Amino acid sequence: MKTIHEFRVDSTCYLDDQGAPLGDLPPQAENTERVLAAYRNMVLTRTFDSKAIALQRTGKCGTYPSVLGHEVIGTAIGQSMAANDVFAPYYRDQAAHILRGVSLTELLLYWGGDERGSAWKNCPEDLPISVPIATQCCHAVGVGAAMRIRDEARAVVCCVGDGGTSKGDFSESINLAGAWHLPVVFMVINNQWAISTPRSIQTGAETIAQKAIGAGLPGHIVDGNDYFAVIEALDSALERARAGKGGAVIEAITYRLGDHTTADDATRYRSSEDLKQAWEKDGIKRLQNYLHEAGFWTPEKEQKLQSDCKATVDHAVQAYLATEAEPPTAMLDYLFETLPESLKSQRERIADKYRGGAA
Amino acid sequence: MNSSTARTESETRDVTLVEAVNMALQWEMAHDDSVVVLGEDIATNGGVFRATAGLKEQFGFKRVMDTPLAENLIAGTAIGMATQGLKPVAEFQFMGFIYSGMEQIISHASRMRNRTRGRLHCPLVYRAPFGGGIHAPEHHSESTEALFAHIPGLRVVIPSSPQRAYGQLLAAIRNPDPVIFLEPKRIYRAVTQSVENNGEAIPLDTCFTLREGSDVTLISWGASMLETLQAADVLSEQSVSAEVIDVGTISPLDRETLLCSVSKTGRAVIVHEACRNGGVGAEVAASIAEGAYLELKAPVARVTGYDTVMPYYRNEQAYLPQVDDIVEAARRVIAL
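Quick note, the sequences are listed as chains W and E, same order. Going letter by letter, the first sequence gives residues 1 to 359 in my numbering. Going letter by letter, the second sequence gives residues 1 to 336 in my numbering.
Chain W with its partners taken away, still in its complex shape (with noise of 0.2 Å):
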């Protein structure tokens, strides 16, 4: 017998739950500007997330996933991503959507049943939210495989989340990502739950990282509320990527500290000693310690920062609030890039129906 292949995972952290650096930190750590508007996007999000729960408890929007537990690993995608890769997002990516050039206000037409929320202007190759539990995968490698055609030097980030890795279009994905030499950086966002289910009933493989060696592709562990660890980890697979070098799998490991969306009770699957462990590790405090200690922030700075992001946050909120509903036509006139013929009468009868404006 002999052995035809083995593997390993590894695993990188650099703070400890306090935020003090384990050891050498990664070159990351010394363009001081990008983390503190990595710092700065973390406790925006945040702010942000916080509100729009407050909108749906008070019937001002619809259900809404809260991002709370995954600030630091959207930052760090929206950060190391380039102007022109493209972002494959799931639906908990708020972070990374706002440093990609999504407006507050879009983000919350979208949660607020508009789907105006989706045209976004400043990130125009992006693609949408997807709902349909890692259905984006392959959309990813169809953006990498066009990339490739093409002989361009941009790359994907696909997220998806513990339990879409269950899914077969992640395998499927991972797969041709792996046979056809693609830029695509799947960005496995590992909460331990999907809704109700623990990360310990998703798979019998003792980590989500070493799914990537049976597709081919590069796995690696990350620390998801340890900044330095995710931006490292990301930078070096996207600059391999764009060098035509393949792509990868990181999984980043956090805690959905929230519930599922505002329509879901965690309370009634998960223990409160659990959830107050995993606010012992929050990334956003880990970080902020980090800056104080390394005398790059002080509490007037902090106070600062909250009180701008609220007011960004408040502004976001009275646009999407002011916005009027398309008019009830809008549901046909996206369906094709012409109507067809035989819908026109449909639309003449919506447009009768609600001649005086929406219903």
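Just so you know, these hints were derived from the structure itself, not from any lab. None of these values were measured; they are calculated from a predicted model. It cannot be assumed that every hint is accurate.
Unchecked claim - No more than 30 Å apart at the CA atoms, straight line, and that leaves these computed lysine-lysine pairs for DSSO-like:
{"id": "1", "chain 1": "E", "residue 1": "LYS62", "chain 2": "W", "residue 2": "LYS344"}
{"id": "2", "chain 1": "W", "residue 1": "LYS285", "chain 2": "W", "residue 2": "LYS304"}
{"id": "3", "chain 1": "E", "residue 1": "LYS62", "chain 2": "W", "residue 2": "LYS167"}
What the hints assert, rightly or not - Here are a few chain W residues that sit away from chain E, every Cβ distance over 12 Å (derived from the structure):
{"id": "4", "residue": "ARG199"}
{"id": "5", "residue": "GLN210"}
{"id": "6", "residue": "ASP259"}
{"id": "7", "residue": "TRP279"}
{"id": "8", "residue": "THR298"}
{"id": "9", "residue": "LYS301"}
Stated by the list, open to error - To give an idea of the chain W side of the interface with chain E (calculated C-beta under 10 Å), a few residues:
{"id": "10", "residue": "ASP16"}
{"id": "11", "residue": "ASN175"}
{"id": "12", "residue": "GLU324"}
Think of the CB as a built atom: it goes at the ideal place given N, C-alpha and C, for glycine as much as any other residue.
Using the hints, position chain E against chain W.
Relative to chain W, chain E alone:
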């Protein structure tokens, strides 16, 4: 977008339906670099029915891609490519294997334009051979076009002759929205027609009146056009003048042509291989009932497959609508 390998001279050839598909793909790839084809066994092997033969040799592996064996992946990869401005033509080897791609087709391809308010769209074609009658194994003979016709945002196009296959496929590839292009494999090689390879598309969203008549309108699509035309011949010998319509695009449906014809003849017989319950024939019949009620001289008749699983091939002819069935249905509505 002219590629260096473009063959620009037009030539006229006698071709079968499947050869016309190949000719259309070759023409469009030669004239538009954004057209790519992908699927299982389509590149080196040229497709199990030879629809993509020669394309890899002419256009190379970057534009003619053998995919891993995963239909859901094929459906979704084509979507990603299309959002990047490519015009993918993805082949499903048989319609019976398209179902694992349904989530991608229904939840993404059909609605990408709508859900992004026009920011992204899917100018792609999903090709699949469909229908029975070729003694194929289990799962290779179904006609489930109604599943797609029910989905808003999709076009469902079904050619029934080499000339229409050529022109409709060119139109489908050039269409900026997703098209399900279902190829009736029973007539892939049944007849040859003279087709001018000149890159001229023919319109989608329209029915084709293949024969004019005054007593009854026979409406069909795909392979059963063969029996429908033969039935019109038999009826003609019996002094019954049948108008014959090939629906061509089953969704969106060209109701105007159908209603004009039925208003003239007063009678309609709809023929399709697919099973009856919830079939596209039901939509055609309802449209006629709604739009030509006063002109109808008899109830609309349907000649269809039965509401059961497509039998294995020893009994497939018993399932498929036959010429006699169509003639009998026409005579019945005329007698009323």
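In ascending order, which of the hints set out earlier in this document are inconsistent with the structure?
1, 10 and 12
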